[in-house]
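*Asks:* What follows is the residue order along each chain.
2 protein chains.
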Amino acid sequence: MDLIHIHRADNVALSRAQLPAGSLVNWRGELLELVTDVPAMHKVAVCPIARGEAVLKYGQAIGFASADIAAGEHVHEHNMTAGAHRPDYAFCSKVPAIDYIETSARASFQGYRRANGRAGTRNFLAIVSTVNCSVTVSRAIAAHFANSGVLRDFPNVDGIVALGHDSGCGMSTCDEGYRTLMRTLHGYIGHPNFAGVLLIGLGCEAMQVNSLLRDCGLETGPLFQALTIQGSGGTRAAVQAGVDKLTEMLPSANACQREAIPASELTLAVQCGGSDAYSGMTANSALGAAADLLVRHGGTVIYSETPEIYGAEHLLTRRAVAPEVAQKLVDRIRWWEHYTEINGVALNNNPSPGNKAGGLTTIAEKSLGAQAKGGTSALQDVYLYAEQVRSKGLVFMDSPGFDPVSVTGQIASGANVVCFTTGRGSAFGSKPVPCIKLASNSALFRRMREDMDIDCGGIVDGDYSVDECGEMIFQRILAIASGEKSASERLDYGDNEFAPWRIGAVI
Amino acid sequence: MDLIHIHRADNVALSRAQLPAGSLVNWRGELLELVTDVPAMHKVAVCPIARGEAVLKYGQAIGFASADIAAGEHVHEHNMTAGAHRPDYAFCSKVPAIDYIETSARASFQGYRRANGRAGTRNFLAIVSTVNCSVTVSRAIAAHFANSGVLRDFPNVDGIVALGHDSGCGMSTCDEGYRTLMRTLHGYIGHPNFAGVLLIGLGCEAMQVNSLLRDCGLETGPLFQALTIQGSGGTRAAVQAGVDKLTEMLPSANACQREAIPASELTLAVQCGGSDAYSGMTANSALGAAADLLVRHGGTVIYSETPEIYGAEHLLTRRAVAPEVAQKLVDRIRWWEHYTEINGVALNNNPSPGNKAGGLTTIAEKSLGAQAKGGTSALQDVYLYAEQVRSKGLVFMDSPGFDPVSVTGQIASGANVVCFTTGRGSAFGSKPVPCIKLASNSALFRRMREDMDIDCGGIVDGDYSVDECGEMIFQRILAIASGEKSASERLDYGDNEFAPWRIGAVI
Ligand SMILES: [Ca+2]
Ligand SMILES: [Ca+2]
Ligand SMILES: [Ca+2]
Ligand SMILES: [Ca+2]
Ligand SMILES: [Ca+2]
Numbered sequence: 001m002d003l004i005h006i007h008r009a010d011n012v013a014l015s016r017a018q019l020p021a022g023s024l025v026n027w028r029g030e031l032l033e034l035v036t037d038v039p040a041m042h043k044v045a046v047c048p049i050a051r052g053e054a055v056l057k058y059g060q061a062i063g064f065a066s067a068d069i070a071a072g073e074h075v076h077e078h079n080m081t082a083g084a085h086r087p088d089y090a091f092c093s094k095v096p097a098i099d100y101i102e103t104s105a106r107a108s109f110q111g112y113r114r115a116n117g118r119a120g121t122r123n124f125l126a127i128v129s130t131v132n133c134s135v136t137v138s139r140a141i142a143a144h145f146a147n148s149g150v151l152r153d154f155p156n157v158d159g160i161v162a163l164g165h166d167s168g169c170g171m172s173t174c175d176e177g178y179r180t181l182m183r184t185l186h187g188y189i190g191h192p193n194f195a196g197v198l199l200i201g202l203g204c205e206a207m208q209v210n211s212l213l214r215d216c217g218l219e220t221g222p223l224f225q226a227l228t229i230q231g232s233g234g235t236r237a238a239v240q241a242g243v244d245k246l247t248e249m250l251p252s253a254n255a256c257q258r259e260a261i262p263a264s265e266l267t268l269a270v271q272c273g274g275s276d277a278y279s280g281m282t283a284n285s286a287l288g289a290a291a292d293l294l295v296r297h298g299g300t301v302i303y304s305e306t307p308e309i310y311g312a313e314h315l316l317t318r319r320a321v322a323p324e325v326a327q328k329l330v331d332r333i334r335w336w337e338h339y340t341e342i343n344g345v346a347l348n349n350n351p352s353p354g355n356k357a358g359g360l361t362t363i364a365e366k367s368l369g370a371q372a373k374g375g376t377s378a379l380q381d382v383y384l385y386a387e388q389v390r391s392k393g394l395v396f397m398d399s400p401g402f403d404p405v406s407v408t409g410q411i412a413s414g415a416n417v418v419c420f421t422t423g424r425g426s427a428f429g430s431k432p433v434p435c436i437k438l439a440s441n442s443a444l445f446r447r448m449r450e451d452m453d454i455d456c457g458g459i460v461d462g463d464y465s466v467d468e469c470g471e472m473i474f475q476r477i478l479a480i481a482s483g484e485k486s487a488s489e490r491l492d493y494g495d496n497e498f499a500p501w502r503i504g505a506v507i
Numbered sequence: 001m002d003l004i005h006i007h008r009a010d011n012v013a014l015s016r017a018q019l020p021a022g023s024l025v026n027w028r029g030e031l032l033e034l035v036t037d038v039p040a041m042h043k044v045a046v047c048p049i050a051r052g053e054a055v056l057k058y059g060q061a062i063g064f065a066s067a068d069i070a071a072g073e074h075v076h077e078h079n080m081t082a083g084a085h086r087p088d089y090a091f092c093s094k095v096p097a098i099d100y101i102e103t104s105a106r107a108s109f110q111g112y113r114r115a116n117g118r119a120g121t122r123n124f125l126a127i128v129s130t131v132n133c134s135v136t137v138s139r140a141i142a143a144h145f146a147n148s149g150v151l152r153d154f155p156n157v158d159g160i161v162a163l164g165h166d167s168g169c170g171m172s173t174c175d176e177g178y179r180t181l182m183r184t185l186h187g188y189i190g191h192p193n194f195a196g197v198l199l200i201g202l203g204c205e206a207m208q209v210n211s212l213l214r215d216c217g218l219e220t221g222p223l224f225q226a227l228t229i230q231g232s233g234g235t236r237a238a239v240q241a242g243v244d245k246l247t248e249m250l251p252s253a254n255a256c257q258r259e260a261i262p263a264s265e266l267t268l269a270v271q272c273g274g275s276d277a278y279s280g281m282t283a284n285s286a287l288g289a290a291a292d293l294l295v296r297h298g299g300t301v302i303y304s305e306t307p308e309i310y311g312a313e314h315l316l317t318r319r320a321v322a323p324e325v326a327q328k329l330v331d332r333i334r335w336w337e338h339y340t341e342i343n344g345v346a347l348n349n350n351p352s353p354g355n356k357a358g359g360l361t362t363i364a365e366k367s368l369g370a371q372a373k374g375g376t377s378a379l380q381d382v383y384l385y386a387e388q389v390r391s392k393g394l395v396f397m398d399s400p401g402f403d404p405v406s407v408t409g410q411i412a413s414g415a416n417v418v419c420f421t422t423g424r425g426s427a428f429g430s431k432p433v434p435c436i437k438l439a440s441n442s443a444l445f446r447r448m449r450e451d452m453d454i455d456c457g458g459i460v461d462g463d464y465s466v467d468e469c470g471e472m473i474f475q476r477i478l479a480i481a482s483g484e485k486s487a488s489e490r491l492d493y494g495d496n497e498f499a500p501w502r503i504g505a506v507i
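Protein chains in written order, with full-length UniProt numbering: chain A, 1 to 507; chain B, 1 to 507.
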């Protein structure tokens, strides 16, 4: 058996299987004896690494030896450490040109053209709660339509989704947490995958329906209605009023038809969750290739999960199209350093137990693997969580790495398709936007076959190249944007994963 | 028309209705002319109050005039301010003795005696998610039972509730936020209102199923089962495994029978939400009387919502049975000062827009009105959020004021009945524990008749005294603990209000 060596400069390689001490593996044509047990997909030193010396993977330092490490020894938390964080940002020093595909050869998909000109990939109706106190009413309205069978008469409507959350009150009305929630609700209310929206509040919450309308410049109309439970006279009256309002929206929503729309109007959110040691070199690299393709077709890619780029953000600042863009990224990094510091959390300690079990040791190692999924395009702009994305090309939207919170922000920002890489296996979906699951290894793909869309594990076995896998992903993006259901849609995910980032104190 | 004057020392009184400037109102037998418009239930100065002078309500300073105020003038944010916060704690200086009711005369209810000796008021099965990633699977399992009709064969089972939340990953595994979530999940898993529990994880999350079992000393068995989605091989397999495990629990759960249990085994959570200017003198005071009665019957009362006692905590430290107990409360107040400070929120700024529209101006005013609902008993102990309550009598459990978050902690701590006062109208329920709604005013009671259990508004009209209303509440607690459904149970609230307090950074 041979090891997987990602970059010629690396002093570690990956074990393809769980191997006991004493195993002999092929290493550059010679036999290397493992001096410790090594779990599958974990790192093995391919030469001696002295205490304090850099551990190199992806050709870059992912951390430092905390003990002398022998050739053939398992390398993980017990003998390496993240080390200090002092990057050289080198703003805009390596901005790649975009190799646009000729206009006549550009791809298109079948989507919904909304009245305001935006392009949708699904045709849902939404019930948006301003506050946890209205979630039961919102879900009761959605359940009415799910159980009554009335939607069978409106086949062009993909469904009615109730977006519930735990916030909206017990918060200041003049801080960052409030503004973040407001941006998130605003982004969903205006999302092109909704034909119509019903907004429901309790009446006395911090996130007032009327404040939301006023501050976001929204006006109600036939396809955007609002009500409160207190104003309706209680639960049953509010449910009935909501059912009536949505019933009135159904014929207009059903009249929406798909039409050909250029792929340049796709906004792809890239995301990873439950990464393993293969994620960086298989699924993330292939998704990066697909992202680069979409950018070449004139589209937009939203790359996020700020804690997961920490330790490798200096590679992004080099690709920023302007110093202001690079500075915005550095500002978000500083914000995160403050946010985690006041909350007593280490920003360089992000790999989850699952990540660690999968062989990832440090945040830099995870970050370099995670960065692959955004591709290699120039960085056009940096956005706040749930801020409306206005650029084409690759952009960064600030968010935590936690999947439901991050994707909620990406969709609020305008993503109309999501690609999600996973090594351990993800149970996630994101109504009203289709989520496409990319397995980093074939064992996972087989084990959770119904939950996964594309197997990127074949890259390791040499079945296809990263670029070929990226092309497969790009074609699947077009097909799913055009109406084909993704795995998580077939499993009806997405009713419980709307999770606005709650910043600040709950009071 | 006369004004409502709560305490003889007060220099403000309350207007019963919206009154325009120039209205003449009765004031101690003389006519007082209103010099400004006054909204219903808002404060009116009954004598001139000079700038800087204390505004007195409940006989205590609720704030200070920020301008000279004339007799007959509306008193609110525009002319008063909260002022500085420097209380004298006077530990244990006023500890009331408990006037226990003779054992032979003590009340009882019909409850469920669990194998470990604890007393339940409902007989649910639970599906508990460790992480947001398993919520869709949990809800799909619950939906299977709700839709299949199979529960009709198990009439003693109140239902199967899926407890979903937004957390469980994107978090440190060694901080306060993690420990808080673990205590919450532990409290629900062991709650006596559950005959059986199925715990579901994804597999790679921060809040690992196995860590939870180990750190909480839990062992699986016929009525406590666990699974992960990754371990089950995906969504459909996990749903099927969950359905099978719960199906096996149903006959045992259905065999549980109610029996007579002393009221001393009731643990009452008191809570308020959407308060108005009447809340303090009607619903909260009456609930306080019921809480005092339960303590006299040997029971337990959990009083919470730390931000809402801020500014009046010195009245509780006086009633603490020991200096250590008083100090624990002061420690939580200090913790809150830090928590709100690092998050840039003012702790003395808690009244929500709804509270303010209802006439409450400062946190002290709200706190004094809120404190009424805990009653007047000695304070036996102070607990962390979701910490298991081991005392009898009145205890304090630290929590935010936000209703779903606070009640989730109270139930995790062991509450088996909830009483919830509201002035603006609440849309809340708390499976597996019945929640009883107390309206602070009769207009609300009529307007949201199906959502409310008891009208406490008659106290203002002289229909019944605070003590008589407290006795009504106590009798209703016994009846509902014995199986009668509360208003929020009839409306099927409680599937969306499980909201563990998320402390700290989302990463
Ligand atoms: Ca939620
Ligand atoms: Ca990730
Ligand atoms: Ca993620
Ligand atoms: Ca309250
Ligand atoms: Ca509350």
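In case anyone wonders, no lab produced these hints; they're calculated from the structure. Keep in mind that a hint or two might mislead.
Calculated cross-link-like contacts (lysine to any residue; reagent style SDA-like; alpha-carbon spacing at most 20 angstroms) [what the hints assert, rightly or not]:
(1) K356/B <-> R236/B
(2) K245/B <-> M182/B
(3) K356/A <-> D175/B
(4) K356/B <-> G231/A
(5) K356/A <-> C174/B
(6) K485/A <-> R236/B
(7) K356/B <-> K356/A
(8) K392/A <-> R113/A
(9) K356/A <-> K245/B
What the simulated footprint calls covered on chain A by chain B, stretch by stretch (three residues with Cβ under 8 angstroms from a Cβ of chain B suffice, anywhere in the stretch; the number is not a length) [unchecked claim]:
(10) 133-144
(11) 181-192
(12) 231-237
(13) 338-345
(14) 441-451
Among chain A residues calculated to face chain B with C-beta under 7 angstroms, some are [said to hold, decoys possible]:
(15) A54
(16) Y58
(17) Q60
(18) Q208
(19) A226
(20) F402
(21) P404
(22) L491
(23) Y493
(24) G504
Note that the Cβ used here is the ideal one computed from N, Cα and C, for glycine as well.
*Asks:* Check whether the Cα positions of K356/B and R236/B lie no farther apart than 20 angstroms.
*Replies:* At roughly 49 angstroms apart (the allowed maximum being 20 angstroms), R236/B and K356/B break the hint.
*Asks:* Count residues of the region 133-144 of chain A with a Cβ under 8 angstroms from any Cβ of chain B, then say if the count reaches three.
*Replies:* holds (count 7)
*Asks:* Was the hint right that Y493/A lines chain B, CB cutoff 7 angstroms?
*Replies:* holds, 5 angstroms
*Asks:* If you take the shortest Cβ to Cβ gap from L491/A to chain B, is it below 7 angstroms?
*Replies:* The hint holds - L491/A has a Cβ within 7 angstroms of chain B, the shortest such distance being about 5 angstroms.
*Asks:* So, G504/A near chain B? Judge it on the closest CB pair being under 7 angstroms.
*Replies:* Given a least distance of 4 angstroms, the restraint on G504/A holds.
*Asks:* For a C-alpha distance cap of 20 angstroms, please report whether K356/B and G231/A respect it.
*Replies:* Measuring from Cα to Cα gives roughly 17 angstroms; hence the hint holds.
*Asks:* Hinted pair, alpha-carbon criterion (20 angstroms max): K392/A, R113/A. Please report holds or violated.
*Replies:* Judged against 20 angstroms, a Cα distance of about 18 angstroms means the pair holds.
*Asks:* F402/A was flagged as interface toward chain B. Is the shortest Cβ-Cβ separation under 7 angstroms?
*Replies:* Since chain B brings a Cβ to about 2 angstroms from F402/A, closer than 7 angstroms, the hint holds.
*Asks:* Against chain B, does the region 338-345 of chain A show at least 3 residues with beta-carbon separation below 8 angstroms?
*Replies:* holds (count 6)
*Asks:* Given as covered by chain B, does the region 181-192 of chain A meet the bar of three residues or more with CB within less than 8 angstroms?
*Replies:* violated (count 0)
*Asks:* Given Y58/A as an interface hint, is its Cβ closer than 7 angstroms to any Cβ of chain B?
*Replies:* violated, 22 angstroms
*Asks:* Can the hint on Q60/A be confirmed by a CB-to-CB distance to chain B that is less than 7 angstroms?
*Replies:* violated, 22 angstroms
Violated hints, listed in ascending order, are 1, 2, 7, 9, 11, 15, 16, 17 and 19; each of the other numbered hints is respected by the structure.
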